[in-house]
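These protein sequences, in sequence, are chains W, P and S. Sequential numbering of the first sequence, starting at 49, is according to this note's numbering. Sequential numbering of the second sequence, starting at 183, is according to this note's numbering. Sequential numbering of the third sequence, starting at 1275, is according to this note's numbering.
Keep in mind that the hints were calculated from the coordinates and are not lab data. Hints are supplied without guarantee of correctness; some may be wrong.
[To be verified] Partner residues are not named here, just some residues of chain S that face chain P (Cβ under 10 Å, in silico):
id: 1; residue: Gln-1351
id: 2; residue: Ser-1355
id: 3; residue: Gln-1359
id: 4; residue: Ser-1374
id: 5; residue: Arg-1384
id: 6; residue: Val-1393
id: 7; residue: Phe-1394
[Claimed, not checked] Short derived list, chain W residues pointing at chain P, Cβ under 7 Å:
id: 8; residue: Leu-155
id: 9; residue: Pro-311
id: 10; residue: Asp-312
id: 11; residue: Tyr-319
Quick caveat: nothing in here was measured; it's all calculated off a predicted structure. Think of the CB as a built atom: it goes at the ideal place given N, C-alpha and C, for glycine as much as any other residue.
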Amino acid sequence: MSDFLPFLVTQCLNALSQAALLFFLGCGLTLIFGIMRIVNFAHGAFFMLGAYVGYSAVHWTGSFWLALIAAPLVVGGFGAAFELGILRRLYGRDGHAFLMVTFGLTLIMGEVIRLIWGVEALQVKPPDSLSDIVFIMDEPFPVYRLFLAASGIVVAIVIWQFLERTRLGLLIRATSQNAEMVYALGTDVALVRSAVFGIGCGLAGIGGVLAAPLVTASLGMAPNAVIDTFVIVIIGGMGSFLGSLIGALLVAFVQVFGTYYFPDFALALMYLIMLTVLVVRPGGLLGKEA
Amino acid sequence: MRFPLAVAVVLALLPLGLPPYAMTLLTEALILGLFAMSLDLMVGYARLISFGHAAAYGFGAYASGNFLLHTSMPLPCAVLLSGLLGGVVAIPVGWVCTQARGISFSMLTLAYAQLLYAVAFKWTAVTGASDGLAGIPRNPGPFGVTWWDTKAGFYYLTFAYLACAFLLCRDLVRSPFGAVLRGIRENEAKTIALGYNTRRYKIAIVAISYGFAGLAGALYAPFAGFANTELLFWLLSGQVLIMVIVGGTGTLIGPIIGAIFFLYVQQKLSNYTDSWALFFGVIFIAVVLFMPEGIWGLLRSRFPRRAA
Amino acid sequence: MALLELDDLTKRYGGIVAVDHVTMRLEQGEVRAVIGPNGAGKTSLFHLITGVVKATEGSVRFAGQDLSSMPAHQRCQRGMSRTFQLTSLFPELSARDNISLAAQSRDAKRWIPFGGGAVFRDAARRGDEALQRLGLTHIAERPAGLLSHGDQRLLEVAMALAQQPKLLLLDEPTQGLSVEETAQAVDVLAGLFAAGDLTVLLVEHDMEVVFRLAHKITVLHRGAVIADGDPETIKADEGVQNAYLGGFA
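Generate coordinates for the entire structure from the input sequences, incorporating the hints supplied.
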């Protein structure tokens, strides 16, 4: 039993690093849904774009840290532009118009990425400082995963503080509860919406560039990411920041331990959990009903 | 009825002038048309948006695939039985999904579809896992009927199924049951207040819709000769939803046109460029922005129905 | 035995008491108005009676039967029909189709998935009768969403009537109507009630409407009944006047 504890600890850290990636995705999606009632089907595509932009940034500048800054900016900027140009025309229409349009966007982005970067999966090297292995209780563990887990925690705190303490954060929370009131108070709700969509996509972008060294940048990222993201947000509750955190942790732990103990059923297990949560609490664990 | 009749006549006569590969494509279009029409029952008439309709399609394909591979059941029977089975299995699914409303309902349908996908991936005995079922025969049955072995034969079989399904669905939406569905679509709270057990109606339409989708999938398996997990994949669920919306929701014939259009554009575009998905995306966004009533809506406004 | 018996009916939302131990007896043929200032719990009371909301305490008995565990649609089937405070119709359907759907719900074959000629004919007949009683025959073909506000409110009443209910619950039928529309509506309703075959529970804000239509009045304040009796008694009641801050005498 003495090597169970190190195993448990390393697997938990594994799960935490996984949860961090899932959290970046889930948080962005839930933010977009909570404020704008838009189900962003293209969220996986933005994640993928982040990975590819990160690849190029590293390729041209040699600096992973620069890529970490560039990716969310580019992806977030593109997201905000899309909201401005296309999504804005759809407010007042019912929900499935957004779904259709973001699905169309997924198709477009997938192709454009393929045209620019090609079909081959692209390796992104993490910086040397993070390429090491550490020993935790005599078990080897990659430093990069620790970095991921730490990033997740840092970003979670930053966003939490942003929502609670800053003026824009307050506006965002207010808009999610009563957009008309916020408008009447003189705020440009349209601007808030663009900002939120941009931030949500930017978060997906960070997730992408951080995930790239682990999974390589490939065209298959988008479909996998979309489904994972939906599962997290559905379990945690659409529109709940805390819910996306809990959902990410739950899914990550189920995936990591599930794959170890029940390799055949891990995938099915995750969807079964999603079904169960939805049946018991249709809005998700902490969500507001659509 | 005039327009659907015209479409039916065109579809019936079209194969006479087409090369074989075009007939194959048209058959696939009709199968997808049946699939799309089944989704329209839920989406267009009850506003129940399914994100996981591929579950029903794939289920039907695997069911008929197994019947045809492991029994000597004639093809039409295997197909019909699979569709029926799909509908019956969908009753508990409908019960679970209708626990929720709106987006949550849609998410539940997605969850169920993903669950089926995950199960199919592993259940080698029934689904052949990631390899799928191959070599699915078009069983002749006890009377030695083999005319559906040919491309033309199978096309007309599919056409017959689609036409019958269309007539059944049309009757359904014009019946008292259909009137209640319309009420649920327009104002569910009021419909409940009027004394209808809306939950039951919703479960019923989910089962019927999944049943017809299963029928379409059951036709696909012997058509293509194989069935695999791609048929359960959420991308297909998204594509069929697009066919319905592009074709025109709540019209039954619109989604069929949408499916034909979708396949046609896909075929044409992939001849010119590898990036047909790109143009598809642009077309979809354009349709949503500028043509929300879909193709059928556009046609109807150009050729308004004259008073009887 | 009264048609509707409410005993200690209570609804709590956390710390807020929306409906506070309401006890009421409604006799057959009676037209009872429920009045009270905003937030008094009138619509909540309707929700409890019709089953839209589950009661925290107390019971609802209708025609001698306890309804406490019965869902909303079943209570309607037992013979309760209601209208809503915020107009609730099927806007894309014509007035006739709206009423037809209401009438159809009383048909044992309302769910059949094919044909239905007989079902539709019967529903149309009952619907047309109701339209006539409410004086709405001239707008039967128009989409409900395009009707004037006054006609919409009356259409809702017609829909409830088409179900041939034992108990009619009207939630502020004249809400949002102009002075003329209100007068017209009250004339129609008065004619309707004069026939004596309806039992009506009516929530109203407009006291003139109440005095013209109601046999008895129940006054709610903060969810509880503070007065109960015929119109003259209520008019003179001091407690009621205080609740309305300045009275209406």
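Checklist line | Restraint check, 7 Å cut-off on beta carbons, for Tyr-319(W) near chain P | finding: 4 Å, holds
Notebook entry, point to check: Against chain P, is Phe-1394(S) within 10 Å by beta-carbon distance?
Noted result: 7 Å, holds
Next item on the list: Report holds or violated for the interface hint on Arg-1384(S), using the least CB-CB distance to chain P and a cut-off of 10 Å.
Entry: Nearest chain P Cβ about 5 Å off; hint holds.
Check: Holds or violated: is there a CB of chain P closer than 7 Å to the CB of Asp-312(W)?
Finding: 5 Å, holds
Check: Once the shortest beta carbon distance from Pro-311(W) to chain P is found, is it less than 7 Å?
Finding: 10 Å, violated
Notebook entry, point to check: Does the CB of Val-1393(S) sit less than 10 Å away from some CB of chain P?
Noted result: 5 Å, holds
Next item on the list: Let me know if the C-beta of Gln-1351(S) comes in closer than 10 Å to any C-beta of chain P, holds or violated.
Entry: 5 Å, holds
Notebook entry, point to check: Holds or violated: Ser-1355(S) as interface residue toward chain P, Cβ cutoff 10 Å?
Noted result: 8 Å, holds
Margin query: Using the nearest Cβ pair, does Ser-1374(S) come within less than 10 Å of chain P?
Written below: 7 Å, holds
Next item on the list: Grab the minimum C-beta distance from Gln-1359(S) to chain P and call the hint holds if it beats 10 Å, violated otherwise.
Entry: Violated, because the Cβ-Cβ distance from Gln-1359(S) to chain P comes to roughly 12 Å (cut-off 10 Å).
Margin query: Quick check on Leu-155(W) please, does its C-beta sit within 7 Å of some C-beta on chain P?
Written below: 3 Å, holds
When the structure is compared with the earlier hints, violations turn up for hints 3 and 9 and for no others.
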